[in-house]
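Residue-level listing of the chains:
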Amino acid sequence: MTSFDAIVIGGGHNGLVAAATLAKAGRKVLVLEAASEVGGAARTKDFAPGFRVSSIAHVLTRLHPDVVKTLELEKHGLQIARGDFMPSVALSKDGPPLVLHGAYGEVLTGSTPSEQSVWKELRAQLMRYAGILKPFLSRRPPDLAGMSLAETAALGQTALALKKLGKEDMRDFLRVLLMNVADLLDEQLADIRLKGLLAFDATLGSHLGPRSPTSLLGLYYRLAGETGGAAGAQMLPKGGMGAVVAAIRAAGEKAGVTIRTAAPVAKIIVEKGRAVGVALDSGEVLRARTIVSAINPAATMLDLVGPREIDTGFIRKVKNIRMKGDAAKLHLALDRPPQFSGVDAAGHKGRLVIAPSPDHVERAFNPSKYGEFSPEPVMEITLPSLSDPSLAPSGACVLSAVVQYAPYALKEGWDAGKPKFLKAIMAQLESYAPGIGNSVLHAELLTPADIEANYRMPGGHWHHGELQADQMLMSRPVSGWSGYNTPIDGLFLAGAGSHPGGGVSGAPGLNAARRIIAMKG
Amino acid sequence: MNHQPTLKSSKARTAAQSHFRTLRLGTPFQPHIDALAKTQDWYNWAGYRAPHSLWDEELEYFAIRSQAALFDISPMTKYRIEGPDAEAFLDRVTLRDVTKLKPGRVHYTAWCDDEGFVLDDGTLFRLSPTRFRLCSQERHLPWLLDSAIGFNVVIEEETETVAGLALQGPTSFAVLRDAGFAGVEKLKVFDLAEFPHDGGTVTISRTGFTGDLGYELFVPAEKALSLWDRLMTSGELRGIRAIGYTALNRARLEAGLIVANADFTTAEHAIRADRLRMPDEIGLGFMVDLEKGHFNGRRAILGARAKRKLRYVLVGLEIEGNIPAEHAIVYHKKHQEVGLVSAAMWSPMAKRNIAIASLARPYGDTMVEDLWVEIYTMRELQYQKLMKRAKVVARPFIKLDRRTANPPADF
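So the protein lines, in turn, are chains A and B. Quick note, the first sequence lines up with residues 0 to 520 if you use numbering that gives the first Met the number 0. Quick note, the second sequence lines up with residues 0 to 410 if you use numbering that gives the first Met the number 0.
It should be emphasised that the hints constitute simulated quantities derived from the structure, not laboratory data. All C-beta atoms, glycine included, are put in the ideal place defined by N, C-alpha and C. The reader is advised that the hints may include incorrect statements.
Simulated restraints, written as ranges between beta carbons of each label pair [stated by the list, open to error]:
| id | chain 1 | residue 1 | chain 2 | residue 2 | range |
| --- | --- | --- | --- | --- | --- |
| 1 | B | 42 | A | 478 | 30 to 40 Å |
| 2 | B | 141 | A | 366 | 57 to 67 Å |
| 3 | A | 280 | B | 151 | 18 to 28 Å |
| 4 | B | 128 | A | 282 | 24 to 34 Å |
| 5 | A | 410 | B | 141 | 25 to 35 Å |
| 6 | B | 141 | A | 169 | 38 to 48 Å |
| 7 | B | 260 | A | 146 | 29 to 39 Å |
| 8 | B | 193 | A | 478 | 26 to 36 Å |
| 9 | B | 364 | A | 478 | 28 to 38 Å |
| 10 | B | 308 | A | 358 | 29 to 39 Å |
| 11 | B | 130 | A | 453 | 40 to 50 Å |
| 12 | A | 453 | B | 199 | 49 to 59 Å |
Residues from chain A shown here face chain B by an in silico Cβ test under 8 Å; the list is partial [to be verified]:
| id | residue |
| --- | --- |
| 13 | 172 |
| 14 | 261 |
| 15 | 265 |
| 16 | 306 |
| 17 | 310 |
| 18 | 311 |
| 19 | 315 |
With the rest of the complex left out, here is chain A (with noise of 0.2 Å):
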């Protein structure tokens, strides 16, 4: 029997990365992947006869570029060029649309020769703003207990590139941190469009409305991010979200992982305080010196280790993690691609986005609190196939949205209540583009119940974890333990429930390898 260094549990692209990055580093890694093929909520699937399309994540706007360095994934397949970059959409039932162009709005057109001007500012102040937290995503959080050189010096850069700020921005940037979206926007923009398109991201994936505090920081965690080098970009990778991770296979692969897919891990075994191997679900056990779990980290604290071997305020602290999902996915197979009013060629294959104003957004998300799912949702809508057509039949059309709100505790139960959400759904879009609703071949709607169920992601949610204030940098997944290493010796966390957070990023998996190699293990 081969022997391993590191057992990775969970094919996803951070489990890959974590894996990838530590057999490059001269480990012998074996992933261990629950589902038939790797990739987990960043796989390309077949929905519909013919019809394929990203099934949980679609749109690629943080892939780390120091994931793609050190992995080397354009040698593996990953092509990101400046071209692909695709522009946001605010789509308009009464009127043309108003368009951002490039990374993230470099150019705003469908708005006043004013509003553009004051966009410019707006933009430059944001990129400048999530500019200072970007580092902390390529880092461990910092470690209030203590330290190294290395790491303080880090933060001190941060405390640095601030001061670089000029003392005005420097106190607005303060200022502005914990706000809310709304009140932001409304502070420097008058279109309301253009605020609904930024209150709709500074929400995304997140229990928050545009009017809850702090919901600002969505917004910077989504321009931290960046795709071939610039700020903000964004792009559907050519053979969907799969195309990514299986260049990230590739990578681990060529470096010497072994990858096996259905196989289920039952249980971390731990003796005397250190994990020291799995049992899969078959019974088999396999032994390593460092287990890196790159599932949720409440699933993995929680059912794979079990409390016995955990300290109670552990626990309490893993338990109080929230992750009930909000947002639901929408796969459609139409028959032909459908035509949103006022949308040029080029607007049709960029992100539309239906979230008419902050007020439409914030109604939106009032319900999710009370167990309810929004009657007018908002939504991230793409149709692959336009600039990928090995995505769907010839002449046919795949849409592919992300969808809010959707609480994962529904009140009534998703069974009773996704065919009344489709059905919302299905309204809100024919308002959008007359005559959708007839070109539906078939509909696939993931609830967040369906997005536990089939994806292994507690709560269904795609950060496996809230990713607001008290659950970022050193409170995620729990404060005292962000650091990728847990209190069990020898078991590492790599997935979007560490630092820094979710989407396609790899970010948590890169940190933790990193980490894995620094501390030996």
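For this one, chain A is given, so just place chain B on it according to the hints.
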């Protein structure tokens, strides 16, 4: 002018100011205790009205050492912990190896938070293979319930429903035997057994907080008064006396036993970061069992030991002279402050001036020479400052053969 037009009776005055009353619960024994309380010297024990003394604290102490003393321990926090996983649960929560605690036995233990700081100490009674009673100073239900996640176990507070009595002293065995608890002579130290009482049962354990021959008795609250009467009647000719805490506190100090939140600050009560204590820092390091499975704080304790981060040590002191050094500061070479006395007395049994103190390591640990305590003694309205030599000595300060003698002696 602002004087009272009519003088009310003092009772009426008190009644008119009922908002000044401190509401404290009575224990199931309260009617009997109230009847004996000549000194009216009460304190608050976990929300209960408990006596510091009842009639004479000196004589109450000697009742422990020469007769039989009856002390109401009902306010002690008690939890029933029951279920198939009760043993595994307690093994994870507490420091000692619970799998080694056989049914019918009791052990003294302690438990820690994640950081290895002591939350409390207490006694664990194994009533059956699957049923335990945990007794402690502080309340811990939320902690115990959160610790029970993943264990098949029921945890229930039984402080109110179970009454407790400590019967301590050389004649205590004879009192129980004469009260008709057949077979009680078979109990060795830390044994427990159930005996019939008043149509129900009483759990009697050969345990106590005095270092003397003694027993603790637990009954359902509604049988409390009849148990008291039964013991008082049988003990009449053997000098049985009800006592308060002051007397017990002296006996426990002679026995070298520590009291949570008197000799150390429990982790959930400590406000200042340097007041937290690991087991090794309060003399409970012997409980830490690294051979058993995981328990709360294991990682932290192991880390602190490996990195030599234990900062304090709890020691017994023998101090020259006969003036108790209560809360005196301990010095090295008469000038460097190295610790504090948490309990002190002139011990009539040991005929020594004894104390328990917490010192900052290495003092009391590897450096035990040239230690002094500064005692302020009031002599006719003037403090006299005494600098007295202190010697680190082993605890207990007294060792009584009758405590462990089998069969227990009949006095």
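| Out of the numbered hints, which ones does the structure contradict? | 2, 8, 10, 13, 14, 15
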